[in-house]
Amino acid sequence: MPSTLGYAIWFLATLLELSVVVCAVAKQSFRRYFFLNLYMAASFLVSVGRYLVLNQFGQQSAEYGYFYFYSDTLLTIFLYFALITLYIHVFDELKAEKYVRLAAVILLGGTALFSYSVVQQSSHRMLTHFFFELSQNLYFVGLVLTYLLWGAILKLRETRTRLVQLVLSLGVYFSLFAATYALRNMFPAWQVALAYSAPILGCLLPLSWAYAFLRHSEEARLVPARLAVAAQ
Amino acid sequence: MSRKAAVVLLAMIVLVGAMGLKTVVTAHDSGAVMMANGGAPFPTIPLPGDPAPKPKSAAPVPAK
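From first to last, the protein sequence lines are chains A and B.
According to our numbering, the stretch in the first sequence is residues 39 to 270, in order.
According to our numbering, the stretch in the second sequence is residues 2 to 65, in order.
Same shape as in the complex, but just chain A (with noise of 0.2 Å):
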């Protein structure tokens, strides 16, 4: 079972979550930012159905375990519709709709094929091993498009305040968490320190989520260096 601090971290993270969702609805920006808003709604309900699970069976169980897995990919794949939904904002004056969902379901597509092609020889719980190993490539290519979504604002010179920082929060999340991974797997004995990173990191995203739809209006607008320097 998780210790004191494990549960205080996971309830903070629970908490924040909502907080995305009370603050996009109160600022009546919940449709504009539907997936993202999905994405923190399930994360919130998933998040008490895990605690649900833990309780009546324990953190060894193959009740949790089952849960966690299959709720960790449909919450991965709804990350992914959040990420393909800032791309439309970024590129909508473009007219590029249509191509993105194209190149999203291409690729969600790719990506599910990829993962079945590495668990197709294994033939115990090979459903089980599929979900698992869409959620964890979902994330490199999530890590991917976020870097270039990064790329695209700014070639884009986008001024939209509160879409850029949806943008850079879910990059820095993404690289965090991968950066954390990879330390986890060139300094195994790090484990124990690295345990409480992830709960930890997964507070920051909706932290800034919320700030970003609390903050920020739609209508906000940055102001680009050069034009701050002539004004002064």
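Bear in mind the hints are in silico, worked out from the structure with no lab data behind them.
One thing to keep in mind: the hints can contain errors.
[Claimed, not checked] The list that follows gives simulated cross-link-like pairs (lysine-lysine, BS3-like), each with its CA atoms no further than 27 Å apart:
hint: 1; chain 1: A; residue 1: K133; chain 2: B; residue 2: K5
hint: 2; chain 1: A; residue 1: K136; chain 2: B; residue 2: K5
hint: 3; chain 1: A; residue 1: K136; chain 2: A; residue 2: K193
The hints should help you fit chain B onto chain A, whose structure is shown.
For chain B alone, coordinates are given in the frame of chain A:
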């Protein structure tokens, strides 16, 4: 090249890049997994796809 073909090509490049990055990151695989959704504790059951546990006793030596 049509726009749709370019989109397909771009998607494939992203997929190859992502899987390449995963291969690099997991080059020193120690069994750590990347689970980024929420603060719930990680299950302690064997991971899906883990190989079967090795038997503790030594394999019997065939008689000559």
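Of all the hints given earlier, name the ones this structure violates by number, lowest first.
none
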